[in-house]
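Number of protein chains: 2
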Amino acid sequence: MISQNQNKLIRSLHQKKFREQHSLFIIEGVRSIKEAINTNAQFEIGISTESFSEKNSDLIRAINPEIVSEEDIKRLSPSVTPSGVLAVYKIPQFNKPNLDQNFIYLDHVADPGNMGTILRTATWFGINQIILSEGCTDPFNPKVVRSAMGAHFHLSWIGHLDLNTLNNHLIIGADSRGSTIDTFNSFSEKWCLVMGSEAHGISGNIISVLDKTVAIPMHGIGESLNIGVAMGVFLHHLTKQPVVSQCQ
Amino acid sequence: MISQNQNKLIRSLHQKKFREQHSLFIIEGVRSIKEAINTNAQFEIGISTESFSEKNSDLIRAINPEIVSEEDIKRLSPSVTPSGVLAVYKIPQFNKPNLDQNFIYLDHVADPGNMGTILRTATWFGINQIILSEGCTDPFNPKVVRSAMGAHFHLSWIGHLDLNTLNNHLIIGADSRGSTIDTFNSFSEKWCLVMGSEAHGISGNIISVLDKTVAIPMHGIGESLNIGVAMGVFLHHLTKQPVVSQCQ
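For the record, the sequence lines run as chains P and R.
Read in order, the letters of the first sequence correspond to residues 442 to 689 in the numbering used here.
Read in order, the letters of the second sequence correspond to residues 442 to 689 in the numbering used here.
If we strip away everything but chain P, and leave its shape as in the complex, we get (with noise of 0.2 Å):
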């Protein structure tokens, strides 16, 4: 059985202000805490149904959890349908930003859905560090957490930094109107590929900071691809290997 306190603890973390004063975070689905399993990263609480105890007998030896009746876990969830299986981490603590790799600025992307499926995203293809502008949804909400399938333990930094501070850095900015990106090829250099929102772009005043503007050619129809899907045929293009001429 969880004691009160576990119970009001793991309620107050569907908010961000809890989330941060506890520096806790709720992790939800076998996949995203096997992730947290497999990274030794901090386990705090778990609560999982019989049902899904039943079925799931590694993750339950890995993290022991209390088991609770189903509506228990409807109530704790921050989820409409509850995976069977919660989790309370540790928010990682990240260090300083490495100047010498690569980044992604997030500017005003606010759909919890695509910020999980960028970080996602961005690991997959080997980018751990991810700036945020004012007006992202905190990517330890558990919408976020939810769709990132694990990929918060595989960040190796993630919060606010001036673009400006980025001096070696190409800033490459996603823009309908930039060139193609299949042409892009200054692979030597280290970039910083800014993402601007689904509804409104890259913001006003980091435009001028761009060095660049990469598009993804269209051959159909539509306004504008998924911002997830978008930053993944970018970072396809800009984690490849440059191909070296086969000419004599």
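Calculated directly from the structure, the hints in this document are not laboratory data.
Misleading hints may appear alongside valid ones.
All copies of an identical chain are treated as equivalent in the list; a pair is satisfied when it fits inside any one copy or across any two copies.
What the hints assert, rightly or not - Within a straight-line C-alpha distance of at most 25 Å, the following computed PhoX-like cross-link-like pairs (lysine-lysine) qualify:
id: 1; residue 1: Lys681; residue 2: Lys458
id: 2; residue 1: Lys531; residue 2: Lys631
id: 3; residue 1: Lys584; residue 2: Lys515
id: 4; residue 1: Lys584; residue 2: Lys475
id: 5; residue 1: Lys681; residue 2: Lys653
id: 6; residue 1: Lys457; residue 2: Lys537
Chain P is already provided as a structure; the job is to place chain R on it using the hints.
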């Protein structure tokens, strides 16, 4: 004011069997409804709140919706957070698939948000024919429609089709054990890209039909990319113009 019958009809369209019975579906949000208007889709019913209509005079002129209360739209909308405008449109009638064009095959894609992102991404890259296996979510489900952002009106065909019908297509499976997509260069052939579900990959009975499997090179860490992101990367490559060698 909307009638009792319209009220009942809109509510019924939250369910697949009534969407099929009436051949109608619900669209919400400014961007999706604008796509419906631009493509001359067959409009049936529109409702909006007063506060929405005051801020969106263009859209209001185009569909002339009934004004309803915030409470009414909450009751009628399938969304937890309705956008303030909801329209009912005829489900487009599709002719036969065109066997001279490319296809996407979705194998047990059950998540509505992913299906919507897939449709939006496919039509953006000019792939307008989508084959659905059994077990896929209904593409006219309101959650699919919301994340597809009007892509439904750019599809030329969507439905069930036996992959063996595609004699002249290269059947390409997205599979993490496949060869890197970067080396794919059969740009003169017609193809069908098969995307499996995030949880289970491509089904056993489909694997035997594949001509080739392709993967996206991973440079970081993570179990997989989101299916919509992965498809975006594949389609960006597959719809590229082949590079003409610059060697003499």
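Copy assignment of Lys681 with Lys458, given that the CA separation must stay at most 25 Å | So Lys681 and Lys458 fail the 25 Å test inside a copy (40 Å) and across (47 Å) alike.
25 Å Cα cut-off: does Lys681 pair with Lys653 within a copy, between copies, both or neither?
-> both (18 Å within a copy, 22 Å between copies)
Intra- versus inter-subunit Cα pairing at 25 Å for Lys584 with Lys515 = Both. Shortest intra-copy (15 Å) and inter-copy (22 Å) distances satisfy the 25 Å Cα cut-off.
Identical-chain pair category, Lys531 with Lys631, by Cα at 25 Å | neither (31 Å within a copy, 50 Å between copies)
Using 25 Å as the alpha carbon limit, work out where Lys457 and Lys537 are close: within a copy, between copies, both or neither.
-> within (22 Å within a copy, 51 Å between copies)
Same-copy or cross-copy closeness of Lys584 to Lys475 [CA-CA at most 25 Å] | Result: close within a single copy only, 17 Å intra versus 28 Å inter.
The structure does not agree with the numbered hints 1, 2 stated previously, though it agrees with the rest.
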